[in-house]
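Which chain is which? The protein sequence lines are A and B, in order.
Quick note: to get the numbering used here, add 323 to the position in the first sequence (first position is 1).
Quick note: to get the numbering used here, add 323 to the position in the second sequence (first position is 1).
Just so you know, these hints were derived from the structure itself, not from any lab.
It cannot be assumed that every hint is accurate.
Unchecked claim - Just some of the chain A residues that point at chain B, by a computed CB distance under 7 angstroms: (1) E391; (2) S407; (3) L408; (4) V412; (5) P432.
Glycine included, each C-beta is placed from N, C-alpha and C at the ideal position.
There are 2 protein chains.
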Amino acid sequence: MTTRVAGCELCELSAPTVVDNDKFAVILVDDANYPGFARVIWKDHVCEVSDLPEADRLLLNDAVYKLELAVRDVMQPLKVNVASLGNVVPHLHWHVIPRYADDAHFPAPVWAQAQRTTPDAVLAERRQRVPQLAEAIARRFASR
Amino acid sequence: MTTRVAGCELCELSAPTVVDNDKFAVILVDDANYPGFARVIWKDHVCEVSDLPEADRLLLNDAVYKLELAVRDVMQPLKVNVASLGNVVPHLHWHVIPRYADDAHFPAPVWAQAQRTTPDAVLAERRQRVPQLAEAIARRFASR
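This is chain A alone, in the form it adopts within the complex:
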């Protein structure tokens, strides 16, 4: 049984999921500047990675790893950014973000001030790969 907190937007997740099991979900983030941005969202309302029992912690770590692999395979980024912040929504989730030299913030983190506008054609090309990313993620998680 998972712990749910009323009013927590990740306990009441409404976004479409690419992977969904009793422990975690994987979603694609709809961010105009970052096609391929994805998240692993733990189902239980826990705050920190270190709140998890070991088996769950390793399961979550494996999920973030698999997601990173799928993002690298399909999005071919220059760098991957992986982060668990949760200051706004203190419900455990991991961001996996493909980064490119021409993205809006590079080399700063995506949470810094934007440094440029990525050409529409470049973003459109990346956006076209998102369905393929969804398939690659589903395959990665089906093979466990």
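Chain B: place on chain A using the hints.
Okay, now just chain B, sitting in the frame of chain A:
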């Protein structure tokens, strides 16, 4: 044998380390706004978590976990932020950052625009715990 890249500031790490073995180092970051900010720096010059063989990946994950525990124990943050970015220095390292409602950027990530000035007395009190944090980290890593 570790791989070194000339000119990489993390291959040529000069900061004092709290933990130092053949696989990784743990350092305390000298950030005026974030006493207790710490990093795990992988020794080999690899770019992404997913570039590591499984045993190393799990070892690094365990190191980040131990560091998070020590930071929580001593710094008693409201939230911990954990991130592997590496856009500026593409040499695998993890940030572990204790966050508080009154810190310079909360609830935004520390890489966003600052939102306030934390009172000096508050920062001084947190800074005083840093030696204790170093001891707690050393203990955590000695017990493996």
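How the hints compare with the structure:
Interface restraint check for E391(A): the shortest CB-CB distance to chain B comes to about 5 angstroms, inside 7 angstroms, so the restraint holds. Below 7 angstroms, beta-carbon pairs count as interface contacts, and S407(A) has one with chain B at about 5 angstroms; its hint therefore holds. Interface restraint check: L408(A) against chain B, minimum CB-CB distance 5 angstroms, threshold 7 angstroms, status holds. Annotation: interface hint on V412(A) violated; nearest CB of chain B at approximately 9 angstroms, more than 7 angstroms.
Below 7 angstroms, beta-carbon pairs count as interface contacts, and P432(A) has one with chain B at about 4 angstroms; its hint therefore holds.
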